[in-house]
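Visitor: Chain order of the listed sequences is A and B. Per our numbering, the very first residue in the first sequence carries number 1; after that it's consecutive. Per our numbering, the very first residue in the second sequence carries number 1001; after that it's consecutive.
It should be emphasised that the hints constitute simulated quantities derived from the structure, not laboratory data. Built from N, CA and C at the ideal position, the CB exists for glycine as well. Treat the hints loosely; a few may be bogus.
Not the full set, but computed from the structure, chain A residues with beta-carbon under 10 Å of chain B [said to hold, decoys possible]:
#, residue
1, S124
2, I161
3, S212
4, C214
5, F217
6, P221
7, S240
What follows is each chain in one-letter form.
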Amino acid sequence: MAVGKVTFTKAEREKLAEVLWLLNWISVVTGAILFGLGLFLKIEIQKWQEVMSDQGILYVPHMLISTGLAACCINFLGGKICLDCADTNKFLRWKLVMMPYVVCTFFFTSCVLAGALMCYSIRSQLEESLFLGLRNAMRYYKDTDTPGRCYLKRTLDLLQIQFHCCGNTGYRDWFQVQWISNRYLDMTSSAVVDRLRNNVEGKYLMDGVPFSCCSTFSPRPCIQQQVSNSSAHFNYDQQSQQLNLWRRGCRQTLLDHYTGIMQSIGLTVLLIWLFELLVLTGVRYLQTAMENVLRLGDPESESDGWILENSLAETARSNFNIIKNLGKCYQIDDDPNINVPTAAAEQEVLSQQVQIPVTS
Amino acid sequence: MAVLRVKFTKTRRDKLAQVLWILNWISVATGAILFSLGLFLKVELNKRGELMAGKDIQYVPNMLIAVGLIACAINFLGGKICYDCVDTTKFLRWKLIMLPYIICTFFFTFCVLVGALMCYSMRGELEESLNLGLTEAMRFYKDTDTPGRCFLKRTVDVLQIEFQCCGNNGYKDWFQIQWISNRYLDMSQKEVVDRLRSNVEGKYLIDGVPFSCCNINSPRPCIQQQITNNSAHFNYEHQTEELNLWMKGCRQALLEHYNYIMQSIGLAVLITWLFELSVLTGVRYLQTSLENVLRQGDPNSESDGWLLENSFMETARTNLHIIKTLGKNNQIDTSNNGDPNINIPSTSKAHYGPDNMPPKKTSEAS
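Using the sequences provided together with the hints, build the complete structure.
Guide: Structural data, given as structure tokens:
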């Protein structure tokens, strides 16, 4: 019993072929859109990859890019096939290719779905990566003379200015990091030496933040030193403190930024997946209808089209058998050149031996 | 003697009309581009409108917007006219309008040229406007509690961060302005009071700059206070230190930004002007050749097209004469006895016959 059987007249078949040709060309465009979205995501991630500790999340845009390119190729081929399917003679050219094409496209659409789901599942990995990356960036903020780390100060300053954030979780993270290099500390000053001695690891820690944490919305000039000491500054009340620096942590801000981008991209990819599935269903119907027409012999007659010839369970069983038998290809079975004494021949010999003593 | 006379066969006339139809539609598109360029310039100027004072430079984008809209309308009409010009009968419909249309379009292209030149000449006014505006903005930087000025601090900070500049001409401008409000100065401290007293106008001036002047490319944490005091900071020499603060002045940075925009726009408008001029020339040739065809009577014959029927000097003379006589329309013309209803005793001598002898007074009486 076929799954989803539909009867097609000749006119309906031709209409289906034309519509599918058009839809395949639209799918080429959506494949290009997919490619563009992957490229955009790659560029966005690479902009701030210095504050991410592992580059593993780049597999998401790579997946989207390759899926987009594959979509373009597959749908281009599909467009050519559907254009030829309007004519029964030209269909013979594609008859052997169509079944593998449909199977390939089915697996390809599942790749598109995987790409869409990846966009949503990446969040926790991204958070971990940002946490470690920002912590390292803050630690190496002062190392502007070390090759390989000399750009971290600039990157972090730009990040805090552009995204209106400060530190990893908040501005207090800067209190636990030495962000002023020893090159610029006057070791002859007693204040400096005392502070260094006070710290267990010999780090110069202070309750101050870099200038990039300053908020542009503050009504007063920025207070960067002795931030937590309200008596050190005149008229430094609670409201001044709230508006003085950026309150959000950069990890949260970047996470929100990327989650927003990837949710939009994921939604678009899901829509593209539904569209591809629709086109695939149409191509399957066209393929089965055309094959049935050839089987019936009369190009003008009606024919049936279906998604699966038998029910789902039977199709699964027959496919498993095919796969199992594929595995047995190389076993030697029934080779007439080898003399393998069979059990029946042995019994014959035994009965002959039993009979001979009677006649003698 | 006609200026630039060209012969047109019927097929060439038809071809010319078709080509002009397409070119007119392309001109509609360029008119739309002109409109959007004017809109873009207006938006860009308004973005930093708080930093510009005095001179009104909005006339440049307004001119471009108006010219763009007029270009769309004129070229749309031109497209319709040229479309009809392929057929001589349809041309009769437009015959009377074409010459005024061409004259209007000629003056309009002149406006486009003026618009292009304005883009280049705006620079001087813009510089003055920015100079005044930036000085004012820096002066009111501290007045975040005064309505009407409370946003200036944020505007200046964002400007200095975005354009990577500091102050009007340089960072030293901040040394001459009190940019810390008295609300945040501890008047009980001796240093504060001393500094206020030592200034003639009672302003709190320091050799420090706001945080937005800090250069992100600096290898060391930003030095904002006591900038000119080398001994206040370890390993610091302010004369050679170029990476600590932004060295460029904001007026210079903004001028460069706007110059770049306006040069690009000016170039685009000049190219549009040349294109419009070529379309106008084509329409003029089409008009003259079609009129000559009508004059000759045979729609399939060759005809001449020109830019001007007579030489440039003659055309100028005739036009000036027409304008002069236009002015005299309403005057009553007495020199030639124009109006027969008015009895004006003429001062000219009476004509008494061929020998022009006045009749003898006959003395016959009774």
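Visitor: Can you give the numbers of the hints that this structure goes against, from lowest to highest?
Guide: Number 1 - this is the single hint that the structure violates.
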